[in-house]
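Trainee: So the protein sequences, as listed, match chains A and B. Just so you know, my numbering puts 178 at position 178 of the first sequence, and the rest follows in order with no gaps. Just so you know, my numbering puts 205 at position 205 of the second sequence, and the rest follows in order with no gaps.
Honestly, the hints are just simulated from the structure, not real lab data. Since the model is a prediction, treat every value here as computed from it, not as a measurement. Treat the hints loosely; a few may be bogus.
The list treats identical chains as interchangeable, and a pair is accepted whether it falls inside one copy or across any two copies.
As the list claims (entries may be wrong) - When the alpha-carbon atoms are kept at most 30 Å apart in a straight line, the in silico BS3-like pairs for lysine-lysine are as follows:
(1) 46 x 98
(2) 46 x 141
(3) 98 x 61
(4) 46 x 61
(5) 141 x 98
There are 2 protein chains.
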Amino acid sequence: MAEPAAARLAGLHLVTDSTLCGERGLLAVVEAAVRGGVRVVQLREKTLATRPFVERARALKALLQPLGVPLIVNDRLDVALACGADGVHVGQEDLSPKDMRRWMPQGLIGLSIERLDQLDAAERLPVDYYGASPVFATATKADAAPALGLEGLRALRARTTRPLVAIGGIGAHNAGAVMAAGADAVAVVSALCAAPDPEDAARRLRAAMETTRA
Amino acid sequence: MAEPAAARLAGLHLVTDSTLCGERGLLAVVEAAVRGGVRVVQLREKTLATRPFVERARALKALLQPLGVPLIVNDRLDVALACGADGVHVGQEDLSPKDMRRWMPQGLIGLSIERLDQLDAAERLPVDYYGASPVFATATKADAAPALGLEGLRALRARTTRPLVAIGGIGAHNAGAVMAAGADAVAVVSALCAAPDPEDAARRLRAAMETTRA
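Chain A on its own, in the form it takes in the complex:
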């Protein structure tokens, strides 16, 4: 935990969607994506009962720990605590980061920011990074807010020094522009979970992030 949050969070993030992973299974897709360069994995399950959720989280943690890839659990502090996750990511409607911090003093805590006017309150919370969400329109998240756009991302960048993880509608075609707009990291769901070859897709995403940034 000595490494600062910004360094641990830089690069390409995979946010899971087990339905999109299909028959290949979540673990196989994650493993391939990590081979291709994914640096952080966020486990998101919106319908799973608690025990299978914990079992899945533990299996992922066992896969990622030896690879040095942090596992972040979406929304559920209980699952994160039970599997020994490296962090929790919450939305505006989830448990407050303040409540999380008490039980995860060292963990990475991420908070989704969907509108600029959420930033002031967020800056007073014990948060390690923001998910800027969604940057572009996305079909993956049914309840997603209106897109921030690159303009919104730049505005966030101008107003906070905390790491920004951009998510929503990002692929190899626009990942460079997103990094150029000030993101510290890019998170994708379908661009990896629905990719025929997640390892190759991760490699191309990383290249896109780095090329345009230089």
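Chain A is fixed; fit chain B onto it per the hints.
Mentor: Just chain B now, with coordinates in the frame of chain A:
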């Protein structure tokens, strides 16, 4: 926390169902039921998002704390930790009591037992009480297991010294028989949440539990 678990758990329990409480609201129903003699409240929410769930749990805790009535949260350790609940109740598909205990060293941990053959494994877990569930057929819980019956309850009683909280299809007409079969407590959902007068219904349930037991 000095009081032993059995003493803290004895009596009438209310397991909440906010839909059944209707327009009166959950808090008003709980308050009336506690006036009528409810000794333990379990908050059960199966569809609420995390933040409103925590808000509801905190409001209940603020109501119950001064009355000396323990609040137990169904399934969600994260919500229980955030609201300072007195315990957590889990089913066979929820987080394991072993994982719970680590984060709630002093809390009441309850586990639902639906079949006799679940008891052996349960006895090795750090559990304070069992929910014997369901004793009778019930319409309240969509995924309820086949009824244990008074026979099943007696069999559980013969095989464990841990407190048994009987739940499922219990009302004033059969609460006495349930206590006579060896339950330490009776938990109800609809018999209180759907009662026109929850205070009076609680009083009649308590009387039924005590009369037939004596």
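Trainee: For every hint, state whether the structure bears it out.
Mentor: Taking the hints in turn, this is what the structure says about them:
Taking the shortest alpha-carbon separations for residue 46 and residue 98, both the intra-copy value of 22 Å and the inter-copy value of 24 Å come in at or below 30 Å. Taking the shortest Cα distances, residue 46 and residue 141 sit within 30 Å of each other both inside one copy (11 Å) and across copies (21 Å). In this homomeric assembly, residue 98 and residue 61 come within 30 Å of each other (Cα to Cα) both inside a single copy, at 24 Å, and across copies, at 19 Å. Taking the shortest alpha-carbon separations for residue 46 and residue 61, both the intra-copy value of 19 Å and the inter-copy value of 27 Å come in at or below 30 Å.
In this assembly of identical chains, residue 141 and residue 98 lie within 30 Å of each other by CA distance solely inside one copy; the values are 25 Å within and 34 Å between copies.
Going down the numbered hints, you'll see the structure goes against none, and every one checks out.
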